[in-house]
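Undergrad: Chains as they are written, first to last, in our numbering: chain A, 1 to 203; chain B, 1 to 203.
The reader is advised that the hints may include incorrect statements.
Calculated pairs, DSS-like style, for lysine-lysine (alpha carbon to alpha carbon, straight line, at most 25 Å) [to be verified]: (1) LYS88(B) <-> LYS22(B); (2) LYS145(B) <-> LYS150(A); (3) LYS88(A) <-> LYS145(A); (4) LYS156(B) <-> LYS57(B); (5) LYS88(B) <-> LYS156(B); (6) LYS88(A) <-> LYS57(A); (7) LYS34(B) <-> LYS156(A); (8) LYS88(A) <-> LYS100(A); (9) LYS169(B) <-> LYS156(B); (10) LYS169(A) <-> LYS156(A); (11) LYS156(A) <-> LYS145(A); (12) LYS117(B) <-> LYS199(A); (13) LYS150(A) <-> LYS169(A); (14) LYS199(B) <-> LYS57(B); (15) LYS199(A) <-> LYS199(B); (16) LYS22(A) <-> LYS145(A); (17) LYS117(A) <-> LYS145(A); (18) LYS88(A) <-> LYS22(A); (19) LYS88(B) <-> LYS22(A); (20) LYS88(B) <-> LYS42(B); (21) LYS199(B) <-> LYS169(A); (22) LYS169(A) <-> LYS156(B); (23) LYS169(A) <-> LYS169(B); (24) LYS34(A) <-> LYS117(A).
Now the stretches of chain A that chain B is said to cover, found in silico as 3 or more residues with beta-carbon under 8 Å [as the list claims (entries may be wrong)]: (25) 87 to 93; (26) 141 to 147; (27) 169 to 179.
Here are some of the chain A residues that sit facing chain B, going by a computed Cβ distance under 10 Å [claimed, not checked]: (28) GLY9; (29) GLN11; (30) LEU27; (31) ILE29; (32) ALA30; (33) TYR31; (34) ALA41; (35) ARG122; (36) PHE124; (37) GLU192; (38) THR193.
By construction, these hints were calculated from the structure, which means they are not laboratory data.
Note that the coordinates shown come from a computational prediction; the quantities given were computed from them, not determined experimentally.
Even for Gly, the Cβ is constructed at its ideal location relative to N, Cα and C.
Number of protein chains: 2
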Amino acid sequence: MAELYITIGRQFGSGGREIGHKVAEALGIAYYDKELLAVAAKESGLSHQFLESYDEKPTNSFLYSLVMGQQSLLMGGQEDSVEQMAAKAQREAVLAVAEKGSCVIVGRCADYILRDKPGLVRVFICAGQESRIDRVVHRDGVTPKEAADKIRRMDKTRGAYYSFHTDRKWSEAANYDLCINTDCKGLDAAVETIVHFVKGQCK
Amino acid sequence: MAELYITIGRQFGSGGREIGHKVAEALGIAYYDKELLAVAAKESGLSHQFLESYDEKPTNSFLYSLVMGQQSLLMGGQEDSVEQMAAKAQREAVLAVAEKGSCVIVGRCADYILRDKPGLVRVFICAGQESRIDRVVHRDGVTPKEAADKIRRMDKTRGAYYSFHTDRKWSEAANYDLCINTDCKGLDAAVETIVHFVKGQCK
């Protein structure tokens, strides 16, 4: 099989991370989520802790850049704020792991960073509010109210980070190849659908 | 198999209509697209021509209602402008064909109208600008420039109609169960993926 790069964007609490892991297992290829931070730290010389603090998170000076219309480093801008140093390290890490061969990459604008790579399949995972709250309550041990707040905050953060670095709208169907709502058939069916889809013959 | 209602939202020129037809054929169930107009005419007593002129199209007085914040009839409003008469007839037609059993319904906010129906699978079909222009040029015999204009106009129209009648955003991944970009694997693979997905075991 030719090289395959499956990127997974996901609403917070939709099960996207678990799905990504299972897809990688099913296809026998590498999986990167938080693992990208270690790669980014190694490649850039920046500390893991520093990179984690900017992981898919816009910050105040990031928002300032947004307002001022400064161009994102992922898009070729030349700014070097701390956020952009972190974003650049993430970008290099995504490119570095893709160089090693087929993989699943969760988040980090990997769909955009690898946009010209043959074998790219861009997946987005979503779910209804109720099931997401339920998942976050059980996974993170928080109250339903705290889960709802976290979901709203995380989606906003991911959406802002994605839009800033890609000039595209996060969660817009047309920016992905396959979007699956896990409420309909569950997580395992989503895994199976993705595996079935990526193995399908190209047109 | 239990009853199955597959609704297909689609970007103009993405191949959604052809996919819907083939999915219905593959599953041996009814298919409704323009066919809904005949049902709506029969059920409502309104003329086919009248209904066609309002088919998924907002008009001036529709836009007026939008600006004035009048509630859509699909959402339970009580206005009875001509657009709303047409929308009500469409709604009744969607409910009437769903009463007859499993089917594929293209467009017309059917995903929203049937939102409480067990067995509903909401699909959205999209594609890149280049392939959509190519498809419209060949299908409608227009120039690439005319095709691009038509795509922009039709998507805007469908989006406005959908938002007004559902209070949801058209083309937003989270409003569907499965979204497929036909650029990735082509139309036949999209048909196969939908059939595979809807036949999948529920969680």
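Undergrad: Now tell me if each hint is right for this structure.
TA: Now the hints, each set against the structure:
A C-alpha spacing of about 28 Å is found between LYS88(B) and LYS22(B), which places the hinted pair above 25 Å, so the restraint is violated. Pair hint LYS145(B) plus LYS150(A) does not hold up; C-alpha atoms about 45 Å apart against a cutoff of 25 Å. Of the supplied pair hints, the one linking LYS88(A) and LYS145(A) is violated, its CA atoms being roughly 35 Å apart against a limit of 25 Å. Proposed proximity of LYS156(B) and LYS57(B) is supported: the alpha carbons are some 10 Å apart, at most 25 Å.
Distance check on the hinted pair: LYS88(B) and LYS156(B) sit about 21 Å apart at the alpha-carbon level, within 25 Å; holds. The hinted pair formed by LYS88(A) and LYS57(A) meets the criterion: a straight-line CA distance of about 14 Å does not exceed 25 Å. Between LYS34(B) and LYS156(A) the alpha-carbon distance is near 39 Å, which puts this suggested pair outside the 25 Å criterion. Between LYS88(A) and LYS100(A) the alpha-carbon distance is near 19 Å, which keeps this suggested pair within the 25 Å criterion.
At most 25 Å may separate the alpha-carbon atoms for a hinted pair to count; LYS169(B) and LYS156(B) meet this at roughly 12 Å. Proximity of LYS169(A) to LYS156(A) is assessed by CA-CA distance (about 12 Å); at most 25 Å being required, the pair is judged to hold. Proposed proximity of LYS156(A) and LYS145(A) is supported: the alpha carbons are some 17 Å apart, at most 25 Å. For a cut-off of 25 Å, the pair hint linking LYS117(B) to LYS199(A) is broken: about 32 Å separates their Cα positions.
Note on LYS150(A) and LYS169(A): the hinted pairing holds, with a Cα-Cα distance of about 21 Å set against a maximum of 25 Å. Annotation: proposed proximity of LYS199(B) to LYS57(B) is violated, straight-line Cα distance about 33 Å (limit 25 Å). Taking the CA atoms of LYS199(A) and LYS199(B), the gap is about 18 Å. The hint holds against a cut of 25 Å. This hinted pair does not check out: LYS22(A) and LYS145(A) have alpha carbons roughly 29 Å apart, beyond 25 Å.
Annotation: proposed proximity of LYS117(A) to LYS145(A) is violated, straight-line Cα distance about 41 Å (limit 25 Å). Of the pairs offered as hints, the one joining LYS88(A) and LYS22(A) is violated, with about 28 Å between alpha carbons and a cut-off of 25 Å exceeded. Note on LYS88(B) and LYS22(A): the hinted pairing is violated, with a Cα-Cα distance of about 45 Å set against a maximum of 25 Å. Restraint check for LYS88(B) and LYS42(B): the C-alpha separation of about 13 Å stays at or below 25 Å, so the hint holds.
Simply put, LYS199(B) and LYS169(A) have alpha-carbon atoms about 31 Å apart, too far for the 25 Å limit, and the pair is violated. Note on LYS169(A) and LYS156(B): the hinted pairing holds, with a Cα-Cα distance of about 17 Å set against a maximum of 25 Å. Restraint check for LYS169(A) and LYS169(B): the C-alpha separation of about 13 Å stays at or below 25 Å, so the hint holds. For the hint pairing LYS34(A) with LYS117(A), the CA-to-CA distance comes to about 22 Å; that is within 25 Å, so the pair holds.
Look at the segment 87 to 93 of chain A against chain B: 0 of its residues bring a Cβ nearer than 8 Å to a Cβ of that chain, fewer than three, so the hint is violated. Residues of the segment 141 to 147 of chain A lying with their CB closer than 8 Å to a CB of chain B number 0, which falls below the three-residue condition for coverage. Only residues whose beta carbon comes within less than 8 Å of a beta carbon in chain B count, and the segment 169 to 179 of chain A has 8; three or more means the coverage holds. Given hint, GLY9(A) at the interface with chain B, holds; its Cβ is 9 Å from that chain's nearest Cβ, closer than 10 Å.
Using the Cβ-Cβ criterion of 10 Å, the hint placing GLN11(A) at the interface with chain B is satisfied: the shortest such distance is roughly 7 Å. Interface hint status for LEU27(A): violated, as the beta-carbon distance to the closest one in chain B is roughly 16 Å, over 10 Å. Nearest Cβ of chain B to the Cβ of ILE29(A): about 18 Å, over the 10 Å cut. The hint is violated. The closest approach between the C-beta of ALA30(A) and any C-beta of chain B is roughly 21 Å, which is over the 10 Å cut-off, so the hint fails.
Evaluation of the TYR31(A) hint against chain B yields a violated restraint, the C-beta minimum of about 21 Å exceeding 10 Å. Look at ALA41(A): its Cβ only gets to about 32 Å from chain B, farther than 10 Å, so that hint breaks. The beta carbon of ARG122(A) is positioned within 10 Å of a beta carbon in chain B (closest approach about 8 Å), and the interface hint is therefore held. For PHE124(A), the interface hint holds, the least distance from its beta-carbon to any beta-carbon of chain B being 5 Å, beneath 10 Å.
Of the supplied interface hints, the one on GLU192(A) holds, with its beta-carbon coming within about 7 Å of a beta-carbon of chain B, less than 10 Å. For THR193(A), the interface hint holds, the least distance from its beta-carbon to any beta-carbon of chain B being 5 Å, beneath 10 Å.
Hints 1, 2, 3, 7, 12, 14, 16, 17, 18, 19, 21, 25, 26, 30, 31, 32, 33, 34, counting from the list given before, are not met by this structure.
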